[in-house]
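This is what each chain is made of:
There are 2 protein chains.
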Amino acid sequence: MSLTRTIQIGICGFGTVGQGVWKHLERARPELEARLGAKLVLARAAVRDLRKKRDVKIPAAKLTADPLAIATDPKIDIVCELMGGTGLARQVTLAALSAGKIVVSANKALICAHGAEIFATARKHGGHFFFEASVAGGIPLIKALREGLVANRFPLIYGILNGTCNYILTQMEERNAPYAEVLAAAKSLGYAEADESLDVDGWDTAHKASVLTWLAHGLWVKTDRMLVEGISRITPADFKNAATLGYGIKLLAVITRDFAANELSVRIQPTLLPEGNVLANVNGVFNAISVTGDVVGTTLYIGRGAGQDATASAVISDIADAVALLSHGKGAHHMGDVVPAAGTSPRLAPPERIRGRYYVRLSVKDQPGVLARVASVMARHHVSIASVIQNPAEQDGAASLVLTTHESDERAIRATLKNLARLPSVLEPPVLLRIGDFGN
Amino acid sequence: MSLTRTIQIGICGFGTVGQGVWKHLERARPELEARLGAKLVLARAAVRDLRKKRDVKIPAAKLTADPLAIATDPKIDIVCELMGGTGLARQVTLAALSAGKIVVSANKALICAHGAEIFATARKHGGHFFFEASVAGGIPLIKALREGLVANRFPLIYGILNGTCNYILTQMEERNAPYAEVLAAAKSLGYAEADESLDVDGWDTAHKASVLTWLAHGLWVKTDRMLVEGISRITPADFKNAATLGYGIKLLAVITRDFAANELSVRIQPTLLPEGNVLANVNGVFNAISVTGDVVGTTLYIGRGAGQDATASAVISDIADAVALLSHGKGAHHMGDVVPAAGTSPRLAPPERIRGRYYVRLSVKDQPGVLARVASVMARHHVSIASVIQNPAEQDGAASLVLTTHESDERAIRATLKNLARLPSVLEPPVLLRIGDFGN
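Residue numbers (this note's numbering), protein chains in the order written: chain A, 203 to 642; chain B, 203 to 642.
Okay, chain A solo, but in the shape it has when bound:
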């Protein structure tokens, strides 16, 4: 096959992911060119420091320290934004889209913060924005939602979207080790950033949930409209209690939509998952997502959620899609350009409508009458107790009291927790986990 067209690719951000894309694209190039009917040229890369030594060697003439020079270079057809952040990355993305280019991005934080602006800019100037690598690493989840399951509405999407948290939780469970110790080990292995908050407090998962919510429901939900909770207060004892009850613990993004009420909720919560649920057994840095469509039923996707290679696999699939689209000429329409809200645009459900079962762990004084006082607070808020595990006092006379509840709503459980925290016999703020009975 003669390759009549040449597509020029620029990479902004040449760290782990950028170098992975360059390396794997060079290797897969002959097959990709045959499949796409176009010659692919890795034309330029923007780096932060021109003098830094890198594993992937590229000619100095192809390097620049100015990513905006790539974004506005008329020769470049596809710009990969792999710098991260929401400042310069936003400028680069908007500049490239304004020039009618296709931008390929792995930047979930940017999409969550500026998605509406990005897609509007793409539409206005005939550019396109692809983002397979922004959620679930190498799993082709974006493509599945946008194209493979296009016949479906999605009442429920939930999953493990942050490999760092899943690694930490898995280590805590398997080694019976406290959070701080496992986190420190994860940092020294490079699995967690120096500032761990983005991962362990749930914000990275929230950014990804925002991307999925937009794709599935056509609505931009920013993190301040979600319930976002992290994993830092979970202890090895929680894993033991959960196992006693027949559950594992995972940090989940949960996106539910009630089509009758036209309400949507997005929440990031450490969740007790029944041991029989496949996701309860997805360990380490893996991601897993359960997508229920109203036509297809429940489908499940598992794979590496991060890392140089898995992310490069996703970025290259976007590049291939971009090349295919470019072959159809300027202004070609792509299925990802329009994401209609299924039916009328949904509104966010007020918290009191979000119902579920709960796991509450209290650190209490080891003295008579405590359980009675706790139970009475719960009864006052109509939160019905399903089971109680009382562990003997360990230190300072503090005992652990674990309660699971029957179904209640978020407002009632929050009010309950507030009042439990005020009891003199309750020593620390209560720990709240959700129980995930997703059917399946």
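Errors might be hidden in some of the hints.
Said to hold, decoys possible - Here are the computed distance ranges between Cβ atoms for each label pair: (1) D598(A) - N593(B): 41 to 47 Å; (2) R253(B) - G448(A): 52 to 58 Å; (3) P357(A) - L252(B): 52 to 58 Å; (4) P570(B) - P380(A): 42 to 48 Å; (5) G448(A) - D598(B): 41 to 47 Å; (6) P357(A) - A595(B): 53 to 59 Å; (7) E228(A) - E228(B): 55 to 61 Å; (8) G287(B) - T274(A): 53 to 59 Å; (9) K255(B) - T288(A): 56 to 62 Å; (10) D426(B) - R549(A): 56 to 62 Å; (11) K259(A) - A463(B): 29 to 35 Å; (12) R325(A) - E554(B): 57 to 63 Å; (13) G448(A) - R582(B): 46 to 52 Å; (14) A263(B) - G448(A): 55 to 61 Å.
If you're looking for bench data, these hints aren't it; they were derived computationally from the structure.
All C-beta atoms in this analysis are idealised placements derived from N, C-alpha and C, irrespective of residue type, glycine included.
Put chain B on the given structure of chain A with help from the hints.
Same frame as chain A, now just chain B:
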């Protein structure tokens, strides 16, 4: 958005799947039209019997008894071939492709038998052939392999591809029920066809493996070049033995490629899967596929493998892709049009190169010296025994002897079985299952 283009869709074969496509497409039409920027018209349907009553009502004027009339109708842009079979279905498919149309197919038997001819015809006339629904029902697996994982080569793909077999095996395991009884129940529930051979003897799985092999490796492998084994000789005792050894039993398609030797093998085999393998816990009519790419690592896909709704979901996703492609004008290139063999085209590995561990169950006379004779036959073929389970005699003085082996090759184990079958103390042809240590 104004819908400037109109796409006319014809459906050939208006049984369960055809009606499902019509029904769900009508319901999802407003959203699909907005997303695709085109008006979708369900123009015609070909049925076998014009007078038959159907759940989905369509105007009589849209019905025809002649699918070729739809395939050659100049008004029709997209032809869905949902009739099944390899005779008339082939004619319809080739006629539509020759007319430059896009054909959407769920017909794995047809693709397996005539895939090369179909794709050549599409290329010659500027038509396209889409087949998401042919493998793994509603799971967007074809799209994942063809587009989402386009950066990868695939050393290993394995999975549960036939829901009927998985339903039967699950029922046998859970209810401790014999094969014939479960099969009869599956037939009465409509989960198995009157002629069950296509499912239970592995041929349907083989057709699907052929499709995946072509997609992943660019080679057409017909069923006579595969090792194909079915599930009909498995007994409840095999599940008990497997559980004792820490395994479940699944009918798997296994597609392996050794890139160094440039060899490929495709086999359909009932397989012992370690209980920790996610696929060992995928039950009932669900399908599950593990895809290992050299860049992305291992990814996993689970969902309903058949049924009206899941199949319709896949067909509609192909229709959406077809509409997007049609919007780019006649002769537009699609990523699925060219499937290059990764590297040079591989050859099929001779059986002696296929290595693995084995489970052998023998029905033997309950008398002294039998194990010694069996062990001696295995030793002669250099097949090393890993474990032995001897169950007491049940009836007619027959005892069950189960052996697992260390790694050996297919030729050695087949020669071993042949010689074991000749032993006077062995009462029935041996039952051979593979042990699937896929790492995962």
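Hint check:
1. Under the hint 41 to 47 Å, the C-beta atoms of D598(A) and N593(B), about 57 Å apart, miss the expected range.
2. Range check, R253(B) to G448(A): about 55 Å between beta-carbon atoms, so the 52 to 58 Å window is met.
3. With their beta carbons about 38 Å apart, P357(A) and L252(B) fall outside the hinted range of 52 to 58 Å.
4. For P570(B) paired with P380(A), a C-beta distance near 59 Å fails the hint of 42 to 48 Å.
5. With their beta carbons about 44 Å apart, G448(A) and D598(B) fall inside the hinted range of 41 to 47 Å.
6. Taken as a hint, the range 53 to 59 Å holds for the pair P357(A) and A595(B), whose Cβ atoms sit roughly 55 Å apart.
7. The hinted range of 55 to 61 Å is not satisfied by E228(A) and E228(B), whose Cβ atoms lie roughly 47 Å apart.
8. At about 56 Å, the CB distance of G287(B) to T274(A) agrees with the hint of 53 to 59 Å.
9. Here the CB-CB span from K255(B) to T288(A) is close to 59 Å, well matched to the stated 56 to 62 Å.
10. At roughly 59 Å, the beta carbons of D426(B) and R549(A) sit within the given window of 56 to 62 Å.
11. Under the hint 29 to 35 Å, the C-beta atoms of K259(A) and A463(B), about 30 Å apart, fit the expected range.
12. At about 59 Å, the beta-carbon gap between R325(A) and E554(B) stays in the expected band of 57 to 63 Å.
13. The hint said 46 to 52 Å for the Cβ distance between G448(A) and R582(B), and at roughly 50 Å that hint holds.
14. In this structure, A263(B) and G448(A) meet the distance hint of 55 to 61 Å, their C-beta atoms being roughly 58 Å apart.
Hints 1, 3, 4, 7 from the list above are not met by this structure, while the remaining hints are.
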